[in-house]
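Asker: Heads up: the protein sequence lines correspond to chains L and V, in order. Going by our numbering, the first residue of the first sequence is number 1, and it counts up by one from there. Going by our numbering, the first residue of the second sequence is number 1001, and it counts up by one from there.
Hints in this document: simulated from the structure, not taken from any laboratory. Virtual Cβ for every residue (Gly too), placed ideally from N, Cα, C. Heads up, a few of these hints could be off.
Unchecked claim - Here are some, though not all, of the chain V residues that point toward chain L, as calculated from beta-carbon distances under 7 Å:
(1) M1043
(2) E1059
(3) Q1093
(4) A1094
(5) I1121
(6) L1134
Stated by the list, open to error - Non-contacting residues of chain V with respect to chain L, defined by C-beta distances greater than 12 Å in every case (computed):
(7) E1023
(8) R1063
(9) G1099
(10) I1119
(11) A1142
Below, each chain spelled out in residue letters.
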Amino acid sequence: MRLQLGYIPLCDAAPLIAAHELGFARAEGLDLDLTAEPSWATLRDRLALGHLDGAHMLAPLALASRLGLSGPPSDLIVPMQLSVNGNAITLSRSLWDAMAPESGAPIAVARAFARIAEERRATGRPLTLGTVHPFSCHSYQVRLFAEAGDLDPAAFRTVVVPPQYCVETLARGLVDGFCAGAPWNDVAAAAGHGRIAVLGSALTPDAPEKVLAVSERLDGAILPLIRAVARAGRWCADPENRSELIQRLARRTYLDLDAEIVGRALPGGLGEQPIAGAALDFGGAIQEPRPVDARWLLAQMRAACQIPDRSTFDDAIPTIYRADLYGAAGVGS
Amino acid sequence: MTETSLTVAVIDPSRARAAILEEGLRASGVGRVVVIPDTADLMERVTALKPDVVVIHLESPSRDILEQMSGVSRQVERPVAMFVDRSDTTMMQAAVDAGISAYVVDGLRAERIKSILDIAILRFNAFARLQRELSEARGELADRKLIERAKGILMSMKGLSEDEAYKQLRRKAMNEKRKIADIARAIVTTADLLG
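The shape of chain L in the complex, shown without the other chains (with noise of 0.2 Å):
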């Protein structure tokens, strides 16, 4: 059976593109059609009318899909979890040197950035943060990255910057920093422009952060899809194939770039300190989808007023995190 996956060229998506890759799909019956989306809002809207059959998605969109808080009506649901951790903060060189903290350590550099935060919102001038999608994790980790450091998240702004364009509005001064996910810190700390500030695992661990989401219409290609992903999920996890994913990633055909970033970008690198993606995981325990973290996203989703205090959105969860689908697949955690 052919399934028509979408996804955005970054290094979680590699529990997709090794099923594809290395025949952990084919094993299983199914032929997979990988297309690289040119934005999360496209790559929404093309599950949701049926152009593609699942996708790798940002796992606050995909609930805020199927919820019809974003985007054209959708049957997707949530049969497995394809990442954990792997997003941070990167701040400009000048930013970076002007907060001067006392130390890495979050606490230290969020309420080094709350005093120039505060600096700059009296002169008129707020800073400005990057962020990859208004239901994103990123999102909200800027903004429990300011209340760490006691600073109201209305003290700047924040927009959402395409993860080609952050090099380039960090370097212009567009933004003064940005939360995005593995590779797109390292490439702009190699660039020379930003400095990797916090992990967003620091601020949110092991929270969920892309899903494989799926059109309900699937059925009977949903247990075998599961099973591809999840043993390619474990072979993405296992040291031993690091460097052979890395040289994978790196083509054309996916996230076209250096090896040497996307190695910087995945846990085991050695880079900037700190590495970017050393909490990012895949595999295994973390892709079962546990109810649990679709009503953290939820109370994310309140803190942030996407959704208004009182919600039934809870009761739909049992429905689109689909635990059940996981378990029936027999992978084990």
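Knowing the structure of chain L, use the given hints to seat chain V on it.
Answerer: Using the frame of chain L, we list chain V on its own:
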């Protein structure tokens, strides 16, 4: 129909396609049409323009920037929302098939945006058709050049007239149920290798 009071922004990685849509919207009477380049400072430009409708191609990486200008963010003055007509999925499909998404300022009535979307769908489909025809025409031209070269090779190697050389190519293609251009390519490749 005229929408003289509306400002429409057009964002498209293809400048040619953006120009075609711009012209179409102007011709239909939309008051102000502005093409915004798909660059890193897009957000600033959109904010300064204050458009009522933004028509953006699905292939633009900047779509997520517009999502940020939606009502879920409290920092924007004039929140926009992606135009989704839940009562008309055919329209939604046609728009996505043509490569279009639209963001509209909160409160704009669905009927006013529909005529704009209709024009966008027509223009983008016409553009796609033109591109297809252009690439077919390029392909035909390349095929013709290939056949000319293959004929030349047959003429000089076998001492045939041009007409005889072409007939041989055609006969071979018919016997093998392949295109003449494919036979020509095989001859040219072989001649290149052996020559």
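Asker: Next step is simple, just say for each hint if it's right about the structure.
Answerer: We went through each hint and held it up to the structure:
no., hint, result
1, M1043, "6 Å, holds"
2, E1059, "5 Å, holds"
3, Q1093, "6 Å, holds"
4, A1094, "11 Å, violated"
5, I1121, "14 Å, violated"
6, L1134, "23 Å, violated"
7, E1023, "25 Å, holds"
8, R1063, "4 Å, violated"
9, G1099, "9 Å, violated"
10, I1119, "20 Å, holds"
11, A1142, "25 Å, holds"
Comparing the model with each numbered hint stated earlier shows that hints 4, 5, 6, 8, 9 do not hold.
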